[in-house]
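Respectively, the protein sequence lines represent chains R and E.
If you read the first sequence in this note's numbering, its first letter stands for residue 1, the second for the next number, and so on.
If you read the second sequence in this note's numbering, its first letter stands for residue 1, the second for the next number, and so on.
Calculated from the structure, these hints are not laboratory results.
Among the hints, erroneous ones may be present.
In silico lysine-lysine, BS3-like type, Cα no more than 25 Å apart, as pairs [unchecked claim]:
#, chain 1, residue 1, chain 2, residue 2
1, R, Lys217, E, Lys267
2, E, Lys314, E, Lys282
3, R, Lys286, E, Lys338
4, R, Lys217, E, Lys142
5, E, Lys115, R, Lys217
6, R, Lys188, R, Lys286
7, E, Lys144, R, Lys188
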Amino acid sequence: MRRALVISIPYLWLIALFLIPFGIVLKISLSDPQVSIPPYTPHLDLSAGWAGIKDFFSKLDFENFIWLTEDDLYWKAYLSSLRIAFTSTVLTLMVGFPIAYGMAQAPKEWQPTLMMLIILPFWTSFLIRVYAWMGILSTEGFLNQFLLWTGLIGAPLQIINTDWAVFIAIVYTYLPFMVLPIYATLEKLDPSYTEAALDLGCSRAQAFWSVTIPLSKSGVIAGCFLVFIPVVGEFVIPSLLGGSKTLMIGKVLWDEFFSNRDWPVASAVAVVLLLILIIPIVLFQKQQERTQEAES
Amino acid sequence: MSNDPIQPWEDSQATPLIRFENVTKRFGDFTAVDNLTLDIYEKEFFALLGASGCGKTTLMRMLAGFEQPTEGRITLGGQDIAPIPVNKRDINMMFQSYALFPHLTVADNIAFGLKRSDMPASEIAGRVEEMLKMVQLSQLAKRKPHQISGGQRQRVALARSLAKNPKVLLLDEPLAALDKKLRQETQFELMDIQEKLGTTFMIVTHDQEEAMTVASRVAVMNAGVIKQIATPDAIYERPNSAYVADFIGEVNLITGKIASGTEKSCKIAWGGGSITAQPRRKLAKGTEVRYAIRPEKIMISAKKPAATNAVRGKVHDIAYLGNISTYHVQTETGQIIKAQLANAQRLSRRSFTWEDPVWLSWTDTAGIVLTE
């Protein structure tokens, strides 16, 4: 009995905060827009009894999902989101791996400090940090002023309102999610693996490629998923730093919801986004299970 | 051991394969290896024996190339190896943790070093097969390291480190992770393989039994210094210091003074009377000495025996070890002397028990007189 109670807590949490909200969103995505409060129809009328329930279900349809396939804005936004998420994941990996490797190689007594420095940005609000990047990347921003001062460029670069600004901010924001799992893997790695590789005739670089990289695979995969999955649905960074050409599904969703006030279409966009993300999430889970199995 | 075929250290003409010349290694303020000189010959199975922190691992890591000596030099075949990086040295190491690459199969682990050597790719598979056969693991070639047992992992590590046919193989506590039975079997296998290949083996261990079993010579290290280098039997029978005598096996150390003596024989006065012994050189009267005698060289009897050395006491404690029993006998002056008897008879028929008055006796050649 007590065991059942303990087990039930996480399930209740998931039901209350994930399954029920998802059910509501799914229901709205099958409804029709209407100028009213709330702005969709039908509503479930339990006072009408069985007939009311039947009437309610008969009015639900997949019209909004069909609409998503008819307007090319949506699939372009999905594809563009996946492309931006993929590119920024690769960039974050390229920046994050050397940082994680450097941390793991640093003297033991420095490592907690370095870890702290990686986590430190989280102490400031995410939104404020993105606004700070506007100040840095804008045409009159610090970066352009600095580059003009050094004489490297003659005219200010257009960085803000391009995909580049989005990539820079995503790499910056999501870096800890990449660094921490990779660091955790590298830090656990027995240094005698590298020594054995050197002993068997590898140069330092060969030992790194043939031993360190393959053995940090689980950390790299975990880090990539932890960056890729949230970036697909990212809304704040593209809307504040990206230009009108930066198309991401998070932005489309916001526009449908707040500008168009078309809750059913916005809900359909959200449901499809979730279905798209389920694939990498399941892959991530599988990978985590495999890692745990290999370790035990 | 005059019939031992390999005793190059006795031959003044022989040139050693490995030479440590006045090697010192410091880590900050700590001196791990202190002005150490050591020669190791070709085809030797050399054991470095010592408690943890005595510098034996540092010594081996300097030979492998993971550490550089602070002072002194190390030569391999007459050539100073200081400028040769670890991956270019003709020395391979078997790690204590084995360090088998978990992402590679057994065969790929063994091939790892060969792929980075100048061996043609066509010959690698054959060499791997040969190594697998040597350690009797041919049927496990496709397995990953986590899919085989600890003993099998140990063999893979051995095969991997021997695959490149190095001049010297270093073994860092190679059997520490195995249980006792398997360890003993593996010791004999190691000796067989070493004998067959003729490669120079250097083993680092804290297990004296292991060192004595496998090695042609044993160096006992303490605090960065080698206390004694000798064959296992010489280390055991003729230790040069109380430290070595005490470190290897069980020993009674009796402190006394030389009462009288010549080059051949001396009398040592101690709390319990006088001991007749054979010193290695003439010791002046009054010299403080320690007399070391192994428990198994002491006889126990009920009546006074007709031996050179005899002491009376009573049985204080008995440690029953199955094949032998160690008797702790308290002498009339209160000292405890350990004596071992083989349990040739069933326990119920044991001749001595607690509190029995007994005589301990030994010959004048049984013990050794130590001045260090």
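Comparing the hints with the structure gives:
Proximity of lysine 217 of chain R to lysine 267 of chain E is assessed by CA-CA distance (about 72 Å); at most 25 Å being required, the pair is judged violated. Proposed proximity of lysine 314 of chain E and lysine 282 of chain E is contradicted: the alpha carbons are some 34 Å apart, above 25 Å. Restraint check for lysine 286 of chain R and lysine 338 of chain E: not satisfied, since their Cα atoms lie roughly 62 Å apart, outside the 25 Å limit. For a cut-off of 25 Å, the pair hint linking lysine 217 of chain R to lysine 142 of chain E stands: about 21 Å separates their Cα positions.
The suggested pairing of lysine 115 of chain E with lysine 217 of chain R holds, with an alpha-carbon distance near 22 Å, which does not exceed 25 Å. With a C-alpha separation of about 21 Å, the suggested pairing of lysine 188 of chain R with lysine 286 of chain R holds against the 25 Å cut-off. Of the supplied pair hints, the one linking lysine 144 of chain E and lysine 188 of chain R holds, its CA atoms being roughly 20 Å apart against a limit of 25 Å.
The structure shown violates the earlier hints numbered 1, 2 and 3.
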